[in-house]
Amino acid sequence: MARAVSTRTKIGWTIAAWIVALLIFFPILYTIITSFKTEPEAISGFSLIPSGTLESYWEVQSRYNYFQPFMNSVIISVGSTVLALLVGIPAAWSMAFSPGRFTKDILMWMLSTKMMPAVAVLVPIYLLFRDWGLLDSRIGLTVMLMLINLPIVVWMLYTYFREIPGEILEAARMDGATLWGEIVYVLTPMAVPGIASTLLLNIILAWNESFWTIRLTTVNAAPLTAFITSFSSPQGLFWAKLSAASTLAIAPILIMGWFSQRQLVRGLTFGAVK
Amino acid sequence: MKLRALILGVCSASAFAFAAHAEAITIATVNNGDMIRMQKLADDFTKKNPDIQLNWVTLEENVLRERVTTDIATKGGQYDIVTIGNYEVPIWAKQDWLLALDKLGPDYDVDDLLPAIRGGLTVDGKLYAAPFYGESAMIMYRTDLFEKAGLKMPEKPSWDFIGDAARKITDRAAGINGICLRGKAGWGENMALLTAMDNSFGGRWFDEKWQPQFDQPEWKKTMDFYVKLMKDAGPEGASSNGFNENLTLFQQGKCGMWIDATVAASFVSDPKNSKVADKVGYAIFPDENTDNHGNWLWSWNLAIPASSQKADAAEKFIAWATSKEYTELVASKQGWAAAPPGTRTSLYKNPEYLKAAPFAEPTLAAMTAADITKPSVKPVPYTGGQFVAIPEFQGLGTTVGQLFSAALAGQSSVDDALAAAQAASVREMTRAGYIK
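As given, the protein sequences belong to chains W and E, one line each in that order. Each residue of the first sequence is one higher than the one before, starting from 1 at the first, in the working numbering. Each residue of the second sequence is one higher than the one before, starting from 1001 at the first, in the working numbering.
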């Protein structure tokens, strides 16, 4: 039986939620505000009112063609996510509906690869990329990010698939569905919300990945992470320009996140509340 | 109409074919004002060398160091020119990671390079990198605050004078700190200042047998002086302040003195960004009756990694970017004050530069006083002024920097920090084989 919640409690929780949300969002908001300041304004102390200048954006664009790293980010993040789903859906299906003796161990092993510090394999990966001619290539980076995010994709899909009653798939089989038909026409449509949130989360993870995207690229495949780091300065103040570059880099993913927040929240809380 | 389309098509096709034939070189650099200026003026080079196309990769300093090290060590060949400091040049040259620059051309005038800078980039008589800009360290101080306090900066100030003056100027109610010094942990951050400071106090990192010297009285004196001074006259949260943070404080008029890299002078005297641009005086790095002024010497240099396949084109570019003609190009486009400092003797003889840059003479004096072959008054087995030119210094310097930053923040005592620094250094130097 649901507990009755008083209006006062509701208001209290709403205010608390807004405060927490604003606190979390504030650094991003302040970055956006700073991007509309001049450099002297940016360093002259805390202020939420910018002069509204666009000079930092002009400066950023004049030094670096934003479109190229933006397109690289789109290709790499979407490409790696699609590839990861192509591999992850059949893998998660088999683990969820035909678990073997070692399924749990395999799942744990896959997750454990995420616990290894990336820098530990930097040199071997760099050598492989060099020998295969993949340094500074979008294909190499797409495959790399697919492999990095694959454990999360498989785990998320496995969790969603486990929520789907196996009897429905059995019924499909009884009606003569092939394996392909079972996955494509029965399982996938039922798991669309789960697949959608996996897709969105992985695009965000791939978009924000900076360790490999900075280290395996130079000019041609450099995405927005490399674009941001090029505006960080050890000597001299470029806060407004750095903020403008950061705003340009996060804007697409922020907009995407805003429009898909329902799917994202659903995906992230799936199975948490029964 | 058809003819116009045809001409346009032919032009585009030729441009495309030409671009395809141009040799592209990739230049890895950092986001410093002088480097960005070079990038903007590079059209001059490509116009003179239409067969060479330039690709720029600008990275954060530490990321650049790591990327370039990985690429050179694995012979990845991703870069044709790298921007590196005078700390890396001798170490990398000895490991055969860099190509010697012996085709800079007859007009390059290599003898015009400042001897102190050139010496740091030369290994076995060969130049392995060309300096793009150089710096030492000096005192930048507020002339108005000195006048108000009845102080006069001596020609060669001692640390005692600096300490007294800083305490006298400090007016925390008015938001003025007597002195701003680096406190942020890092081999290139607080350890640059503290190593130079210890040199001027008569100390050293290692004795002739590579024994660390943090248990010696000079380091104790340096650290006691530094921590007490910063407590009495430094800004709040100084343990998080590096170059950029102190620059902001000084430009905002919140520091009476700032001892840091000479390149800062062009920022603090720039009226567009500095509120105190017309009230800044300069003086040589202090000493403590040692006549050793820290020996701080740094330069950003352009070098060719041994893995580059386009060394000739790369060397052509380096010759252009570090030439006297490039300095004149900068002056013609952006004024003499914007000329890259600290690399060429001729610049400091140029009356137009001396007139436009009030910090030129103190900068030259600081650079001339720096001798990285004899950083301490005591004998040492290493070279380097505000750093020790051994590969282990990056890691060890940062470890010690963290200990000293904690002492500044009050998380540990000076004695504990020095004891921990000594233990860490002995361990690392033994592991690396320096201590037998």
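In short, the hints are calculated from the structure, not lab data. It should be emphasised that the depicted structure is a prediction, and the values quoted were computed from it without experimental measurement. Cβ atoms here follow ideal geometry from the backbone N, Cα and C, with glycine treated the same way. Careful, some of the hints might be misleading.
[Claimed, not checked] Just a sample of chain E residues kept apart from chain W, beta carbon distances all over 10 Å, derived:
hint, residue
1, LYS1075
2, ARG1167
3, GLN1402
[Stated by the list, open to error] Per label pair, the in silico range of CB-to-CB distance:
hint, chain 1, residue 1, chain 2, residue 2, range
4, W, LYS10, E, GLU1236, 52 to 58 Å
5, W, VAL123, E, LYS1047, 57 to 63 Å
6, W, VAL123, E, GLU1236, 38 to 44 Å
7, W, TRP13, E, LYS1075, 55 to 61 Å
8, W, TRP13, E, LYS1148, 53 to 59 Å
9, E, ASN1289, W, GLY52, 41 to 47 Å
10, W, PHE67, E, LYS1148, 41 to 47 Å
11, W, SER210, E, GLU1236, 27 to 33 Å
12, E, ASP1224, W, ILE255, 44 to 50 Å
13, W, SER210, E, ALA1277, 55 to 61 Å
14, E, ASN1289, W, TRP58, 25 to 31 Å
15, E, GLY1175, W, MET71, 46 to 52 Å
16, W, SER210, E, ARG1167, 42 to 48 Å
17, W, PHE67, E, ALA1277, 34 to 40 Å
Do the hints match the structure? See the list:
1. LYS1075: violated (8 Å)
2. ARG1167: holds (26 Å)
3. GLN1402: Consistent with the label, GLN1402 of chain E stays out of reach of chain W, its closest Cβ about 18 Å off (over 10 Å).
4. W:LYS10 <-> E:GLU1236: 52 to 58 Å: 42 Å Cβ-Cβ, so the 52 to 58 Å window is violated.
5. W:VAL123 <-> E:LYS1047: 57 to 63 Å: The hint (57 to 63 Å, Cβ to Cβ) is violated, given that VAL123 of chain W and LYS1047 of chain E are roughly 40 Å apart.
6. W:VAL123 <-> E:GLU1236: 38 to 44 Å: holds (42 Å)
7. W:TRP13 <-> E:LYS1075: 55 to 61 Å: holds (59 Å)
8. W:TRP13 <-> E:LYS1148: 53 to 59 Å: Given about 56 Å between the Cβ atoms, the range holds.
9. E:ASN1289 <-> W:GLY52: 41 to 47 Å: violated (55 Å)
10. W:PHE67 <-> E:LYS1148: 41 to 47 Å: violated (54 Å)
11. W:SER210 <-> E:GLU1236: 27 to 33 Å: holds (32 Å)
12. E:ASP1224 <-> W:ILE255: 44 to 50 Å: violated (55 Å)
13. W:SER210 <-> E:ALA1277: 55 to 61 Å: Since SER210 of chain W and ALA1277 of chain E have Cβ atoms about 37 Å apart, the given range 55 to 61 Å is violated.
14. E:ASN1289 <-> W:TRP58: 25 to 31 Å: Given about 53 Å between the Cβ atoms, the range is violated.
15. E:GLY1175 <-> W:MET71: 46 to 52 Å: holds (47 Å)
16. W:SER210 <-> E:ARG1167: 42 to 48 Å: Between SER210 of chain W and ARG1167 of chain E, where Cβ atoms are some 44 Å apart, the hint holds.
17. W:PHE67 <-> E:ALA1277: 34 to 40 Å: Between PHE67 of chain W and ALA1277 of chain E, where Cβ atoms are some 38 Å apart, the hint holds.
Hints 1, 4, 5, 9, 10, 12, 13 and 14 from the earlier list are contradicted by this structure; the remaining hints agree with it.
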